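Peer 1: Chains as they are written, first to last, in the numbering used here: chain A, 1 to 112; chain B, 1 to 114.
Calculated directly from the structure, the hints in this document are not laboratory data. Owing to the predicted nature of the structure, the values given are computational and were not obtained by experimental measurement. Take these hints with a grain of salt, some might be off.
[Stated by the list, open to error] From chain B, some residues computed to sit far from chain A (all C-beta separations above 12 angstroms):
1) Asn22
2) His59
3) Lys77
4) Thr111
[Stated by the list, open to error] Derived lysine-lysine pairs resembling BS3-like cross-links, with alpha carbons at most 25 angstroms apart:
5) B:Lys77 to B:Lys55
6) A:Lys63 to A:Lys3
7) A:Lys27 to A:Lys13
8) B:Lys55 to A:Lys39
9) B:Lys55 to B:Lys68
10) B:Lys77 to B:Lys49
11) A:Lys27 to B:Lys49
12) A:Lys44 to B:Lys55
13) A:Lys44 to B:Lys15
14) B:Lys49 to A:Lys3
15) B:Lys77 to B:Lys15
16) A:Lys44 to A:Lys3
17) A:Lys3 to A:Lys20
18) A:Lys3 to B:Lys55
19) A:Lys20 to A:Lys44
20) A:Lys27 to A:Lys63
21) B:Lys15 to B:Lys45
22) A:Lys27 to B:Lys77
23) B:Lys45 to B:Lys55
24) A:Lys18 to A:Lys44
25) A:Lys39 to A:Lys27
Idealized CB from N, CA, C, for every residue including glycine.
Next come the chains, spelled out residue by residue.
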Amino acid sequence: NSKVIQTPRYLVKGQGQKAKMRCIPEKGHPVVFWYQQNKNNEFKFLINFQNQEVLQQIDMTEKRFSAECPSNSPCSLEIQSSEAGDSALYLCASSHANSDYTFGSGTRLLVI
Amino acid sequence: GDSVTQTEGLVTLTKGLPVMLNCTYQTTYSPFLFWYVQHLNEAPKLLLKSSTDNKRTEHQGFYATLHKSSSSFHLQKSSVQLSDSALYFCALSGASSGSWQLIFGSGTQLTVMP
Chain A
1 NSKVIQTPRY LVKGQGQKAK MRCIPEKGHP VVFWYQQNKN NEFKFLINFQ
51 NQEVLQQIDM TEKRFSAECP SNSPCSLEIQ SSEAGDSALY LCASSHANSD
101 YTFGSGTRLL VI
Chain B
1 GDSVTQTEGL VTLTKGLPVM LNCTYQTTYS PFLFWYVQHL NEAPKLLLKS
51 STDNKRTEHQ GFYATLHKSS SSFHLQKSSV QLSDSALYFC ALSGASSGSW
101 QLIFGSGTQL TVMP
């Protein structure tokens with residue numbers, strides 16, 4: 001069982017709807033990552049946080065996603081207005097150094 | 001920028017045969033390399049990792065050696081099993097970005113036949 005907990009496991013949304021997913025990182029891991037894995041199994045980095053601060057994010061994330069990692073609450077990633085192309089597996093990972101990354105089981109989003 | 005290349009998209013083998021999955025990388029920093037295995041509908045799980053040049057690392061019958069001279073970290077197993085059928089990803093810790101981002105290769109689907 002993964003030490004990174006992601007909810008929900010599956011999410012179905014209509015185009016234009018908001019889609020929100022959550023992640024509880026592994027205890028003691030200050031860095032949290034979100035990746036999108038598409039149907040071709042390619043990974044796209046979306047954003048990462050160290051403690052509550054954004055370290056890096058891609059342009060798409062900045063424009064269309066809302067993400068946060070508040071202290072003492074799950075991290076979250078929300079698509080403000082879902083598009084069909086957003087259908088993918090969203091993976092959360094946490095790390096305490098560049099040598100140790102743990103992935104959650106993912107949230108599979110389907111936008112219809 | 002940093003990058004990882006996996007040349008085989010699909011590898012199909014008969015049980016008991018050896019396998020080598022290729023992984024090469026590009027980075028201007030001291031690399032930390034990983035192999036992850038992802039079974040259907042599951043999270044990627046760490047299989048191997050290394051940052052030490054020319055030292056073999058092993059886990060669950062799989063092994064790999066980081067060769068900085070050739071920028072390679074190929075995954076090998078001497079005798080594959082049916083349960084080894086999965087997606088295998090090579091990844092590099094993106095030190096150059098300063099954000100600890102994992103850079104993934106495109107993945108290799110390994111299918112083991114009876």
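Peer 1: Work down the list of hints and note, for each, if the structure agrees.
Peer 2: Evaluation of the provided hints:
1. Asn22: 17 angstroms, holds
2. His59: 14 angstroms, holds
3. Lys77: 21 angstroms, holds
4. Thr111: Since the minimum Cβ distance to chain A is about 14 angstroms, Thr111 of chain B lies beyond 12 angstroms and the statement holds.
5. B:Lys77 to B:Lys55: Holds, because 16 angstroms separates the two Cα atoms, which is no more than 25 angstroms.
6. A:Lys63 to A:Lys3: Between Lys63 of chain A and Lys3 of chain A the Cα gap is close to 30 angstroms, so the pair fails against 25 angstroms, i.e. violated.
7. A:Lys27 to A:Lys13: 31 angstroms, violated
8. B:Lys55 to A:Lys39: Cα-Cα ~35 angstroms, so violated.
9. B:Lys55 to B:Lys68: This hinted pair holds, its Cα atoms lying about 11 angstroms apart.
10. B:Lys77 to B:Lys49: Cα-Cα ~15 angstroms, so holds.
11. A:Lys27 to B:Lys49: 21 angstroms, holds
12. A:Lys44 to B:Lys55: Given that 25 angstroms is the threshold and the Cα spacing comes to 30 angstroms, the pair is violated.
13. A:Lys44 to B:Lys15: 33 angstroms, violated
14. B:Lys49 to A:Lys3: 19 angstroms, holds
15. B:Lys77 to B:Lys15: 11 angstroms, holds
16. A:Lys44 to A:Lys3: 22 angstroms, holds
17. A:Lys3 to A:Lys20: 20 angstroms, holds
18. A:Lys3 to B:Lys55: Distance of about 29 angstroms is beyond 25 angstroms: violated.
19. A:Lys20 to A:Lys44: 18 angstroms, holds
20. A:Lys27 to A:Lys63: Given that 25 angstroms is the threshold and the Cα spacing comes to 30 angstroms, the pair is violated.
21. B:Lys15 to B:Lys45: 22 angstroms, holds
22. A:Lys27 to B:Lys77: The given pair, whose Cα atoms are some 33 angstroms apart, is violated under the 25 angstroms limit.
23. B:Lys45 to B:Lys55: With a Cα-Cα distance of about 22 angstroms, the restraint between Lys45 of chain B and Lys55 of chain B holds, given a limit of 25 angstroms.
24. A:Lys18 to A:Lys44: Within the cut-off at roughly 20 angstroms; holds.
25. A:Lys39 to A:Lys27: This hinted pair is violated, its Cα atoms lying about 30 angstroms apart.
In summary, the numbered hints that this structure violates are 6, 7, 8, 12, 13, 18, 20, 22, 25.
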